[in-house]
Amino acid sequence: MSRHYTVLDPRLEGAKKMLSSVSRIIAVMSSKGGVGKTLFSAVFASIASRKGFRVGLLDLDITNPGLHVVLGIDPLSIQPGEEKGITPVSISRLEFMSTVFYTRDNPSPMRGTSVDNAIREVLAATRWSRLDILVVDTAPGLSDVAISTLEYFPGVEVVVVATPSRLSINSIEKLLKLLSEMKYKKYLVENMSSGNLLVDLARKYHTVYLGSIDYYREVEEYIGDIEKLVSSRFGRSVEEIANKIL
Amino acid sequence: MHEFALAQAVVAEVEKIVEKGYRVEKLRIYLGELQSVDREVFEQYVSMMLREVQENVDVEYVDEEAEFSCRVCGYKWSLSELELDEDEREAIHFLPEAVYSYVKCPRCSSRDYAIERGRGVRISIEYSE
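Residue numbers (our numbering), protein chains in the order written: chain A, 1 to 246; chain B, 1001 to 1129.
Hints are not guaranteed to be accurate.
Claimed, not checked - Straight-line C-alpha distance at most 20 Å; calculated PhoX-like pairs for lysine-lysine:
hint	chain 1	residue 1	chain 2	residue 2
1	B	K1016	B	K1026
2	A	K17	B	K1020
3	A	K185	A	K228
4	B	K1020	A	K16
5	B	K1016	A	K16
6	B	K1076	A	K17
No lab work stands behind these hints: they were computed from the structure.
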């Protein structure tokens, strides 16, 4: 009889169990910061829920979460529940989860290993309802959040958000190349742009181009009020994009 | 309970091994002091779920003291040196990495420190053909 011995971190198996209630996972990613991932994630998820889909929204920007700001949630006054795990906060027809409920908007500087640990913990502990779609907002860069997002979510589809600035294009091209190598299903959204300037970039990396969103100055005023964001010109542009993949 | 989710994760690992046709001889569960899992509740969930997967698994629980070390000044400290209020303890229970939001190095006040041991739940499994 041969004996085997193994040391394990059980959380990834736990995460698989927890995510088995989710039909479709859409990660909103961009290697470049400041391109509008968080606003897009929140408004896209809200629009999907208004169309009748059961939608979850997860903030994986562990050291710099921002979705609660867009949704207008004070993390000190509301907390996730507990029922065979952590149950997300219900807000505006969405199930919402973020580490901000535990860091309480304090600075949370972490090295990469800790970021990955936090992601594993959240995925293993969060008990989503039966969802049609889980929208995952991520952090910029190609570091722990991006790598863990691509590895831990089975069948994840990626919506890449980019602006037409040369800095953004240079950065995004690396993400698209990575996603192509790993054969992820991927889409490109052009944000804060006056035209369809990234169509060729999308084509080069066999990415479905979903459309362009103009720069709308009023968006800043609506941050914290998801209803206003959804009904704004920005929201209407996101809805046109959402209609193509929902 | 959050303990349910942690127990579910542990037993899922055992299940994966059993499904491959092995027999699990020993399951050792390390409980990190930082996460401060409710041991009694957790044990109940583990034994309840484990019965569904395989009878007579020898389970051993090992408490692991938390230890931190500062990357800036090298100071090492334990959880007992810290003064955390109930809300902070609860936040850390759910997400051990929340410690970075509430705790600084006692010597140099840096938040750049490592959780050397005793973070959360980890396991080792001995199994045979």
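Hint check:
1. K1016/B <-> K1026/B: 15 Å, holds
2. K17/A <-> K1020/B: With Cα atoms ~18 Å apart, K17/A and K1020/B stay inside 20 Å; holds.
3. K185/A <-> K228/A: 31 Å, violated
4. K1020/B <-> K16/A: With Cα atoms ~18 Å apart, K1020/B and K16/A stay inside 20 Å; holds.
5. K1016/B <-> K16/A: 12 Å, holds
6. K1076/B <-> K17/A: Outside the cut-off at roughly 37 Å; violated.
This entry does not satisfy hints 3, 6, going by the numbered hints stated previously.
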